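What follows is each chain in one-letter form.
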Amino acid sequence: MKINHINWFLMAGIGILSFSCTSDLEIEPIELQTLEQVFDQQDSAGVNANRFLADTYRFLPNTGNRVGGDFLDAASDDAVSSNPTNTSVQQLATGSFTADSYQDNLWADYYQGIRQASIFINNIDRVPLKGNIENGTPLNRVWKAEAKFLRAIFYFELLKRHAGIPLLGDKVYQIEDNIELPRNTFEECVNFIVQQCDAIKDSLRTDPFNLTDYGRPTKSAALALKSRVLLYAASPLYNGGNIDAQNALAGYTNFDATRWQLAEEAAKELIDQNLFVLEPDFKNVFISRNKERIFSKQGGNNTSMENNNGPVGYSSGVNNGRTSPTQELVDAFGMANGLPITDANAGYNPEQPYEGRDPRFYATIFYNGAQWLSRAVQTYEGGGDKPGGTKQQTKTGYYLRKFMGNFENSTNYSNVNHDHILFRYAEILLNYAEARNERLANPDAIVYQAVEAIRERAGLSPFALAPNLSKANMRQIIHQERRKELAFEEHRFYDVRRWKLAETQFNLQLHGTLIFQTGTGILRQPNPILKMNFNQKMYLAPIPFSEVIKNPNMMQNPGW
Amino acid sequence: MIKRYIGISLIGILLATSDVYATHLSCNNGKFRTEESNFVLVDHTIQVVDDYGKPLQGVKIYTVDQSEIGETDEEGKISLASQQTYLLKHPLFYTIQLNHVTTDRVAMKSKMMGTKDTLTVVYDNLVKDQALGAISVLYNNQLKTSANALYLNALTGRIAGLHTQEVSGFRSARTAAITAQDLAGSLPTDATKYSTNMNDNSEVAFNLRGQSPVILIDGVQRDIFSIDPESIESISVAKDALSSILLGQRSSRGVLQVITKKGQIGAPRISFTAQTGIQESLNLPKPLDAYQYAYLYNEALLNAGRQPVFSQGDFDAYKNGTDPLQFPNVNWYNQTLKNNNPISKYNLSVNGGIKNARYALSLSYLNQLGMFKSSDEFAYETNLQNQRYLINSSIDVDVTEDFTIGLQFFGKIQDGRQPGAGTQRILESLYQTPNNAYPIVNPDGSYGGSSVYTRNLFQQVTGSGYLLDNNRDLLTNLDFHYKLDQFLPGLYAKGKLNVSASSSSLIDRNRQQPVYDVRYNDQNELVYVRFGTIADQPNSFATTSTANFFYFQGALGYNTIVQEDHQVSAQVFLDQRTANYQFDLPATHSNYAVTGKYAYQDKYSAELALNYSGFNRFLPGKKYGLFYAVGLGWDILKENFMEGQEDWLNKLKLRATYGRTGNTNEGSLGYYSWRSSYGQGGNNGYEFGSEYARVHSLVEKGLANVQGTWEKGDKFNLGIDASFFQNTLNLSADVYHDTYFDLLQQRGSTIDLIGIPYPNENIGKNRYQGQELNLTYQNHIGNFNYFINANASRMKTEVLYMNEVYRQYSWNKRTGMPVGQTFGYLGDGLIQTQSEANHAPKLAGNEVHPGDVKLIDLNGDGIIDQHDQTAIGNRKPTIFLGTTLGFSVQGFDFSVLLQAVLNRTYQQTDYSFGSNGESQGFDYLLGRWTPETAATATYPRLTIGSDPTNTPFLNNSSFWTRSGEYLRIRNLDVGYTLPFSLTSKMKIAGIRFFANAQNLFTITPYKRLDPEINAGTAYPAQRIFNFGINIKL
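Here the protein sequences come in this chain order: A and B.
If you number the first sequence the way numbering that gives the first Met the number 0 does, the last residue is 559 and the count never jumps.
If you number the second sequence the way numbering that gives the first Met the number 0 does, the last residue is 1032 and the count never jumps.
Calculated from the structure, these hints are not laboratory results.
Predicted, not measured: the structure shown is a model, and the values here were computed from it.
Relax, there's no trap hidden among the hints.
List of simulated lysine-lysine pairs, PhoX-like, C-alpha gap at most 25 Å: (1) A:K159 x A:K170; (2) B:K764 x B:K795; (3) A:K530 x B:K841; (4) B:K59 x B:K115; (5) A:K549 x B:K812; (6) A:K390 x B:K318; (7) A:K549 x B:K764; (8) B:K841 x A:K536; (9) B:K261 x B:K115; (10) B:K764 x B:K621.
Quick look at which bits of chain A chain B covers, simulated, 3 or more residues with Cβ under 8 Å: (11) 53-63; (12) 104-113; (13) 205-212.
We put the CB at the ideal spot given by N, CA and C, even for glycine.
The whole structure should be built from the sequences, with the hints applied where relevant.
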């Protein structure tokens, strides 16, 4: 009998356990928040909404050692990667890629950014944000405009790679939605970006130099984006030179000179803001906050540029010498007197090739003998910065100097500003000069003025251009100025394409210089390092192969 | 391969069949003799004892003409005639032939292939002959012969349908602290498949009919693999739907069940085993010496259109070794690895009880050392080590006639150590550091190094401090069984309660040392340049995993026999398992089931089970599903028309099961993935303002998959069991046809425009079908007992549906291919001439040269791209074979396990000089293509960096496909047991000396690499030679 009691007790215990196992924990995990919590209707500070927006900023394009560790410019005729392997940029430069292996494919990333921006745009009005900016615009309108700016720049990044891409509007697609969308035409995409810039420009912040809001776009940023997109749209590749003439996805199907005028006006509107000036010291543009910068992605104070690209011989073991500028770029820099080195009057001495050059040369390139970290850079064979052996080192005899702090006479690096500059005033001036030159029959004084402003700041003396240049000559000069001024800022790769010159310019054999230090002096010898390959289809990057096979409405670009 | 396998197996079978003949002869001979001696007096009582010297009941005594005389009683005693010849038989022990009954006590020796009449299938004990499912069992003796740390190694080749592959020769400890990343995220990645992180097996990959089985330890679902075989009673696998249906939403995967030893009535049976062995690494890569390396490196540079970097002077210096400082030639494998590394195991087990209370206790200790050298410089050890302490105890008490309680406790403490640099990192460095990279030490005693090699490999192995990891596992079971005959005869209730916990932690005491690059300066003085940082010595502690589990089960059942012929039983069953992993919310599986069985005269039987099973992380309202299984059996031998076949046929039974099973697949399902959610974006964020004020990201965590549900299986199994010739030959064969559908996969059309990854949806459909055969022949000639077991399994898989994207060409299609088929380019040897290279299709526009892999342009468009990828490697059904042969005579016993795999390939992954073009080269590079060796080259021309055409990891091609077929002498075991007459004088029941070997010998077509562990950075496969002694009291 007693035993039986125990049994019943046990049985009852089990029974209670089985039916009373209610947990004290939440049914659904609280750390997985809902959309309502992100766009909180109670929070007048919009803390969570701001965090959501901050993540969208993350998708802003980077600059610098971005493509497999290299500058995108190392896929142009300006430089090669020092890495001995078949790097991403080398594959871009030699055309060794398929629709399935494009090495600068950011399709998925930007569409992710676009989705986030649209979620933000659709929901921010639920948040009872308090506050206005100085001119009285309510903060939620400002934030919404910022998201729209971000989305527009993401679309532009896709546009410059692939031409027409699907525009999603404000729709945020869910799992059951049909997302087999077709591409919009090039024209629709340009119009959309321009229309967005126009729509938001007066809702954005106004002061590009406000320290607390640094890194957020202002009206000027929207105008700068508009200037660039219209300049691209007016350029030969899309305007009259469409590689697939009747394919509206790849560009305009006609030529229209007024597109240059639109580009000119867009640049003019920004210039007329009178907010920006050229920073007097060229080197300083990249390592300080200054009045030339229009919009940057925040990068921070660090030594990343120095570590990635510094000459390899400095013993701290942190200089990776990743970028090797080519002899072609070196030769593109003229003399300090403003003349190209090929000019008989330039005073260029092939025995002393690095003397008396355009000051931007010294700010852009490390050459054998340049001063750095209290010693001369040694890129002669066997020198400290080109020791031979298996280590990564310059392939050309040059290293990249641009973007670095002024450590010529220091012993080691300290942190300097390395924001990713996306728009700066010098570009706008050059955009303006280019568009106006193309619009007019012959360059007028205003074109001269814009180009000469760049040359003056560069420190050329004299900076004035020869008078009465033809439109073609002026075009030549503007192209050259863009190459020198904007080197390694991700312009060259796309500029040569939009000018539709890549079939010649990007099919070149690239060179470096072998330097031998002998008892009697220095011997230089040109050294072929890479043969670029370009064919017509490469003007436009392929639509990712996977997108084409997954989506029956997705048209591939011509040739891919 | 198959020929050799069959050849060796045939020898065994021939032996066996000739013995059938022999025994028939001896039987016939015996007949005459017994007839003569039928009238001898029964005058002598003997006691038969087991290997513990304890009385053995139920030993059947036969005369030599196979007529049964009787069996031993509870005290193991029987009276016999002293002048007669008898056979003593028992299913668990080797047959003994007693020629003259002179001794008082006879000790029987337990069989390698012994079998029992009952089976545990998931939660139920069955009479073996009544089981309808596909079930295979291994008993203790077959598990004990390998010295490996995990019982999984002992299963290889022994069970049809269970496929194993070694993936590492040593356990690898989890060293990452728990972070938010471990939360089962909304998309499955390896990091979020928590179950893989939580278990203690990092050495053997295994599957049961292609699925990863649920592990049951004494009826509790826990992934514990480090249980000492000495304390395991049996390991069984259940492969069909009916057997596993009580697992409900985990029933698709099959079951691997470990039953630990339980107490037996009697005086204590004490067994002590001590064994120690040595492990040696198989197929270590063979590095090039410095001269060869430099020479080939130059060649590779030239091939890549670059300047050579080594001069003739350098070559000479490497060859002569006169300047080891500037021209080092260090074979890092020799310098850092040892050849013979000890492993030892000790086990003490005690087992016994009285009628109402039984107990079993087992204590084990394992100490396994790795292959790294240590330095005398330090007072502490740094070599890889695995120390394990196990305790397993169980008590069963009959509280009343009707009520039994069982209490079980299992505990594990495992202490691991590895060099401070980490085992995996060292293995990678070893694989990457060339012989000429740097000297081990510089003249001043500092570690050598360079700007590229900022950590010294010798320092990493011997001087980098250590990492200690500690794992604890605890499992407590309370079982009860109550017979409710007082209410209704045949009614019973049973239940189980289990609490278990597991956690692991890491102590980090690594030590970093800088390296110094030594050069001569202009004044010819040595200059030391430091690389690497001088870091603080950490002494940190982190919890690396934690989990606890609660399980309870209750069942009410009823057994009855109606009108003698109709056997009916039914059961209602419920259970719930709650798993708390790390800081996830509890994962709870619940089952509510009813089962029914019916048998008519043991001739026809039928079973039905319904299980309403749920998982708490599905959408509310969609958590539960119904799973069901049926089984049918037909014992043909019991039919009237089969009468009179007993002298050759002892069993013939057909059985079939079908079921609809489920699999939650927590790893692929994701964490509450049915709802959309937002949360922190890791450390991401954006820094606003001039002072870079960081605002941390808040992100959308993934698309909601509202329709997400469990995966399903339709599993059909048809089997036959047969026994012949007085049960000496047993056959068991199964065919199965399993279709799994609603498999959680990402859809094919994951269009990136949506801007967020797609979750896994219930999309895929795969079919697994195959055949399995298990044959055992056991017999004896006098006291020479011998046995052979052969098992074979063949499995064919096919992807029936996978929402595949549009493929332009039929050869691109994945659907219809085997599950997990490798895809890549077809390679056709190497390009031999320049003109061939000129005409060869280019891979994505890359130039090709003589000596490159010739890739086949399937669509003929002149370019090698994704359209030319097709199925490479094996597509045939895989075949696994295992044969165990052995004998026992006069105290000697011997067994050998041959294991083979057919129709298997793998992709070789090593390539010249590593991905960065600066890494180590190995002997296989000597076979590279050069114009001179064009005809005999086994490897493409060398290039620096990864040449796209020739580098497997960039573009996989069939050039790199290797046959993974092999035949292994997986295990060999010999033992000698001292005569019982001798040991019994010492009051010892038995002493056995034994030696065994694991991975003794391998035949495989591609000899350079191990067919199982073939990645150069994996811990190599081990061959183990092991010696030991077992003492029983």
